[in-house]
Amino acid sequence: MDKEKVCEDPALVMECALDMGETMLRCGAEILRVEDTITRICTAYGGGIVDVFTILSLIILSWKTDTGENHTLTRRINPHPTDLNKLEDLNALSRYICEKKPPCSEIGQRICAIMAPDERRIYKSKMTGYVLLASAFTLFFGGNLRDGLAAGIVAVLMYLWDYCFASHGRNRVVYSLVISVVAGILCCLSVLIGIGQNIDKVMIGSIMLMIPGINLMNALRDMMCGDIITGILRLAEALMMAVAIAVGFGIAIMLFGGLL
Amino acid sequence: MIGTFWEKYFVMILTAAIGTIGYCLNINTKRNKIIYGCIGGVVSTFLYCVCMEAQMSLLMQNLIPATVVTLYSEVLARIVKAPATVFLIPSIIPLVPGGRLYYTMRAIVDGNGADAKIYAMETLVIALGIAAGIVVISLMFYHVSHKNIQYKVRFDQMVKSAQKEAEASSSAQK
Numbered sequence: 001m002d003k004e005k006v007c008e009d010p011a012l013v014m015e016c017a018l019d020m021g022e023t024m025l026r027c028g029a030e031i032l033r034v035e036d037t038i039t040r041i042c043t044a045y046g047g048g049i050v051d052v053f054t055i056l057s058l059i060i061l062s063w064k065t066d067t068g069e070n071h072t073l074t075r076r077i078n079p080h081p082t083d084l085n086k087l088e089d090l091n092a093l094s095r096y097i098c099e100k101k102p103p104c105s106e107i108g109q110r111i112c113a114i115m116a117p118d119e120r121r122i123y124k125s126k127m128t129g130y131v132l133l134a135s136a137f138t139l140f141f142g143g144n145l146r147d148g149l150a151a152g153i154v155a156v157l158m159y160l161w162d163y164c165f166a167s168h169g170r171n172r173v174v175y176s177l178v179i180s181v182v183a184g185i186l187c188c189l190s191v192l193i194g195i196g197q198n199i200d201k202v203m204i205g206s207i208m209l210m211i212p213g214i215n216l217m218n219a220l221r222d223m224m225c226g227d228i229i230t231g232i233l234r235l236a237e238a239l240m241m242a243v244a245i246a247v248g249f250g251i252a253i254m255l256f257g258g259l260l
Numbered sequence: 261m262i263g264t265f266w267e268k269y270f271v272m273i274l275t276a277a278i279g280t281i282g283y284c285l286n287i288n289t290k291r292n293k294i295i296y297g298c299i300g301g302v303v304s305t306f307l308y309c310v311c312m313e314a315q316m317s318l319l320m321q322n323l324i325p326a327t328v329v330t331l332y333s334e335v336l337a338r339i340v341k342a343p344a345t346v347f348l349i350p351s352i353i354p355l356v357p358g359g360r361l362y363y364t365m366r367a368i369v370d371g372n373g374a375d376a377k378i379y380a381m382e383t384l385v386i387a388l389g390i391a392a393g394i395v396v397i398s399l400m401f402y403h404v405s406h407k408n409i410q411y412k413v414r415f416d417q418m419v420k421s422a423q424k425e426a427e428a429s430s431s432a433q434k
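If you're matching them up, the sequences are chains A and B in order.
Okay, so the first sequence: first residue is 1 according to the working numbering, each after it adds one.
Okay, so the second sequence: first residue is 261 according to the working numbering, each after it adds one.
If you're looking for bench data, these hints aren't it; they were derived computationally from the structure.
Hints should not be assumed to be uniformly reliable.
[Said to hold, decoys possible] In silico PhoX-like cross-links for lysine-lysine, where the CA-CA straight-line distance does not exceed 25 Å:
id : chain 1 : residue 1 : chain 2 : residue 2
1  : A       : 64        : B       : 290
2  : A       : 100       : B       : 424
3  : A       : 124       : B       : 290
4  : B       : 290       : A       : 126
5  : B       : 293       : A       : 126
6  : A       : 124       : A       : 64
7  : A       : 64        : B       : 420
8  : B       : 293       : A       : 124
9  : A       : 101       : B       : 424
10 : B       : 341       : B       : 290
11 : A       : 100       : A       : 64
12 : B       : 293       : B       : 341
Computed from a predicted model, the values in this text were never measured in an experiment.
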């Protein structure tokens, strides 16, 4: 590393590093990536000793600068839907920061530009994704074309439900329970009306929409890198979500028990 | 032989490709990287079908595709310079035991304990196979790529500064 130091207020640099870490964690990065990014940014702006501790909902950053000052900041992380597009941008930004060492105001602007809250509207690409996923996996598990059609319709309705209610509350387990009940009822109705033929295939298609795949994957990757605490937290959340999905669909089947 | 294989599994592979594209759109992958996820999904489904045809055990049916796909996405992550997760998650999706999860739940709702036990067991075995496949390869790459991760150097620095001070004091004495 070159000796040329960029003169920045440590508090500002830490703010920027924590912003980066927080946004990455919320977009679905592994703990190792977050801690590595924060350490690298702080080291790039003035060396010293950096201590980072990150779990799923908290980042603690403590920095002893070369001049001997100690600074500590903590940050509470709130859950956010996974967005790999933003994660990739942030990854590129952290490479850029460590290489060019831009002033903190510029970093702040870039993070704001990446994390600008999405416009609240119905995204066609996302809806297409829902429909493709549900219909394709209905056919994948052996349904016929009419089941695929039913699953597609259910997927559109579920996307609209997500659009209306997703931001209310941050308990994802309860939310996935509620949306599973809704999806289960929609699946049963679609078969009762006569669009779909096999209730099981339609339901499997909608289950694939909600499966907590990213949580499970990140849990594995975290545990493997030695972050057992976060790994267990994520695994527990993923398992609870899986159980909630099963219970939700179970409730829907019980409601329509005699009819199917 | 190849013809019958093709006939039997064509629908599965095609729908897996479409499904992975859907999943990529769902988690908002960059548009120019969707194709990689799609290829990964096709590869994992193809291998899954081959293993199923070769009548391997349920564990191996999922372990082998997961291993290959993880290798694929870790290599690709280094070529394209993006997090491996971007390619790994869509590629794994066709292996996820959504169907087994449903049948487990259905058996429990119907009060059919024996079936529920079998399906739950199968779900766990599949999850275990996928997990093992991912862990083995990722661990290898983790050890290769994180050799020069920046750990704390507190005690190094203390030793160095102590040495400097000693040198300074000795030169001052001279």
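Going through the hints against the structure:
1. A:64 / B:290: 38 Å, violated
2. A:100 / B:424: 31 Å, violated
3. A:124 / B:290: Status holds; Cα separation ~15 Å.
4. B:290 / A:126: 12 Å, holds
5. B:293 / A:126: Answer holds: residue 293 (chain B) to residue 126 (chain A) is near 16 Å, not above 25 Å.
6. A:124 / A:64: 48 Å, violated
7. A:64 / B:420: 17 Å, holds
8. B:293 / A:124: 18 Å, holds
9. A:101 / B:424: 29 Å, violated
10. B:341 / B:290: 13 Å, holds
11. A:100 / A:64: 23 Å, holds
12. B:293 / B:341: 11 Å, holds
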